[in-house]
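There are 2 protein chains.
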Amino acid sequence: MTTNPSWTLRSYPTAMPTVDNWALEDRPMPQAAEGELLVKTLWLSVDPYMRGRISPAKNYAAGFKIGDLMLGGGIGEVISSEAPDFQPGQIVISDYFGWQPFTVIPASTAKLVTTTDAPMQAALSYLGMPGLTAYFALLKTASPKAGETVLISAASGAVGQIAGQIARIKGLDPVAVAGTDEKLEWCRELGYRAGINHRQSADLVADVAAACPNGVDVFIDNTAGPIHDAAMLNLNTFGRVVVVGTIALADRFDQPDIGLRHLRKTLITRARIEGFLLDDHESEYDAAIADLLAWHKQGLLHTREDVAEGIETVPHALVRMLKGENFGKQLVRL
Amino acid sequence: MTTNPSWTLRSYPTAMPTVDNWALEDRPMPQAAEGELLVKTLWLSVDPYMRGRISPAKNYAAGFKIGDLMLGGGIGEVISSEAPDFQPGQIVISDYFGWQPFTVIPASTAKLVTTTDAPMQAALSYLGMPGLTAYFALLKTASPKAGETVLISAASGAVGQIAGQIARIKGLDPVAVAGTDEKLEWCRELGYRAGINHRQSADLVADVAAACPNGVDVFIDNTAGPIHDAAMLNLNTFGRVVVVGTIALADRFDQPDIGLRHLRKTLITRARIEGFLLDDHESEYDAAIADLLAWHKQGLLHTREDVAEGIETVPHALVRMLKGENFGKQLVRL
Chain A
1 MTTNPSWTLR
11 SYPTAMPTVD
21 NWALEDRPMP
31 QAAEGELLVK
41 TLWLSVDPYM
51 RGRISPAKNY
61 AAGFKIGDLM
71 LGGGIGEVIS
81 SEAPDFQPGQ
91 IVISDYFGWQ
101 PFTVIPASTA
111 KLVTTTDAPM
121 QAALSYLGMP
131 GLTAYFALLK
141 TASPKAGETV
151 LISAASGAVG
161 QIAGQIARIK
171 GLDPVAVAGT
181 DEKLEWCREL
191 GYRAGINHRQ
201 SADLVADVAA
211 ACPNGVDVFI
221 DNTAGPIHDA
231 AMLNLNTFGR
241 VVVVGTIALA
251 DRFDQPDIGL
261 RHLRKTLITR
271 ARIEGFLLDD
281 HESEYDAAIA
291 DLLAWHKQGL
301 LHTREDVAEG
311 IETVPHALVR
321 MLKGENFGKQ
331 LVRL
Chain B
1 MTTNPSWTLR
11 SYPTAMPTVD
21 NWALEDRPMP
31 QAAEGELLVK
41 TLWLSVDPYM
51 RGRISPAKNY
61 AAGFKIGDLM
71 LGGGIGEVIS
81 SEAPDFQPGQ
91 IVISDYFGWQ
101 PFTVIPASTA
111 KLVTTTDAPM
121 QAALSYLGMP
131 GLTAYFALLK
141 TASPKAGETV
151 LISAASGAVG
161 QIAGQIARIK
171 GLDPVAVAGT
181 DEKLEWCREL
191 GYRAGINHRQ
201 SADLVADVAA
211 ACPNGVDVFI
221 DNTAGPIHDA
231 AMLNLNTFGR
241 VVVVGTIALA
251 DRFDQPDIGL
261 RHLRKTLITR
271 ARIEGFLLDD
281 HESEYDAAIA
291 DLLAWHKQGL
301 LHTREDVAEG
311 IETVPHALVR
321 MLKGENFGKQ
331 LVRL
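Protein chains in written order, with this note's numbering: chain A, 1 to 334; chain B, 1 to 334.
Chain A extracted, bound-state conformation (with noise of 0.2 Å):
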């Protein structure tokens, strides 16, 4: 284990996946061919779309085979640069970084990362693909006009952190569901306005209820589950729902999700619902770097990162986000 420890899927998971689901493998030291980088790997970001690709399901794209390398969001030095745009000593960023601690990257999925204002991991968490998924989720697809409400799941992760803190900045009037009372209080604290606890609630629509006295306008749903019905069942007419995550469906994946389905409520409230994916926002990432940068440099953006440390953790570090574990953006440190 001295080479390079590289973690690879050893099997798909039937329910919630535990570590077992991975092997750590030595690998020899890669190295980059035409078009490729050799990086090595400074921070690995785990994220809630990782379970789709460890599923035989079909997705966005094709998922893992049983056997491969694990990849995923990361940031490290390159080494060795087989591409023009490219030299030794850069802070890059990728999608498809190898769970280990050297990795070969196409450059064609790598940018340096810039930003002299912010620590390098903020380009995995407010100023990469959560903060621009809270971004374009609510400005764009909700379509939110000022004072109304704004229900937001697993509300302190990654995306709900920055969505609320937005919401606040926009003149909206956030409010936060998460799993523990200290999490609802680090969201009070980035400004949500009320909040609820999602695990020790008694009757979830009541409690919705309770804290959006004027309804439900718009819903960003990071997670699928019971909230969604909570947060369905309190929606104003011409409410809109933006699906961006379904965590809570972590356990039962590959099962059939049946619930109460919503369509008189969508009929009757002529809610408009929406699937999300960042990738459609590609040509308008850089205004929003803009203003999410700008917002945290004027004391407006407050984030938190959970941080594993050691090639040893990342899956571990999955999986305790899949369960709600974390405590912000889950990262692991190299």
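The set of hints was computed from the structure by calculation and includes no laboratory data.
Source: prediction; values computed, not measured.
Incorrect hints may have been included.
A pair holds if it fits inside one copy or across any two, identical chains being indistinguishable in the list.
With a straight-line Cα cutoff of 30 Å, these simulated DSS-like cross-link-like pairs (lysine-lysine) come out [claimed, not checked]:
hint, residue 1, residue 2
1, 65, 40
2, 65, 265
3, 140, 297
4, 297, 145
5, 111, 65
6, 265, 145
7, 170, 140
8, 265, 140
9, 111, 40
10, 111, 297
Once you have looked at the hints, place chain B on chain A.
Below, chain B without anything else, positioned relative to chain A:
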């Protein structure tokens, strides 16, 4: 039963309504007060939304109470007017006709039926609520692009028959779902490319897939229920689902609708699912009616009515329509 036999609500149905849910009472000849019209009823319309009005559940508007006179869309001749804009002999339409031969309507809800190019009852069908619903649900809410596959449930019904033909006129690829082979044959005559008999299908998901080899881009959902599932499971990326009606739930209206939920599919396809209410488009009715009438005069819009005769038949006509036993727009002629 000679003066003014009038249908009142006797009980809320707990499953599929039966004619016993209504009572036919003799009532005295009504009189128009200030701002009202006394009208001789010529046509009454029964429509799927009425299922929601005979439920104690919350809906668009307050429902009927036990003992209330039933109200709905109708056309009649003004007998006496207590409003300056109307005179005896005029033919008017309103959504507030009592289910009775002589009825009093607020003049503010009445409009003259003026078209000389169509029979008056067209104002309850393709030039009225169902035709406008098809028009806006398809062309505005769904925003289809030429060549897209449009799946339409209750395809031979009052809304579906018009939606399929508008789809054809606009260069789309309409596919019908209906409950009898006769209805589907007629749908093909109207211009639907293919059809699925949902009552005969052993595997609706597979049958929709076979009828829509390029997938479903737009689904005009007049039914909810299993047809909704089959459409969702065949939905393309950026698919649009317009929830127009839920008639498949008519027999379990006040029970929770439990079944497959499609949040993963919504996320992965970035689907947009939107509830539709015609009233939201009122400012554009005139332009839409001009289009519908022009298409009709050009021979591009054919319609079918299912006409019951006499005041005694109104509840029966509503029930058979809710069961899908009608064929075309269900009307009652007095």
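Results for each hint:
{"no.": "1", "hint": "65 / 40", "verdict": "within (25 Å within a copy, 72 Å between copies)"}
{"no.": "2", "hint": "65 / 265", "verdict": "between (40 Å within a copy, 21 Å between copies)"}
{"no.": "3", "hint": "140 / 297", "verdict": "within (23 Å within a copy, 42 Å between copies)"}
{"no.": "4", "hint": "297 / 145", "verdict": "within (25 Å within a copy, 43 Å between copies)"}
{"no.": "5", "hint": "111 / 65", "verdict": "within (27 Å within a copy, 65 Å between copies)"}
{"no.": "6", "hint": "265 / 145", "verdict": "both (21 Å within a copy, 28 Å between copies)"}
{"no.": "7", "hint": "170 / 140", "verdict": "both (13 Å within a copy, 29 Å between copies)"}
{"no.": "8", "hint": "265 / 140", "verdict": "both (23 Å within a copy, 21 Å between copies)"}
{"no.": "9", "hint": "111 / 40", "verdict": "within (15 Å within a copy, 75 Å between copies)"}
{"no.": "10", "hint": "111 / 297", "verdict": "within (22 Å within a copy, 60 Å between copies)"}
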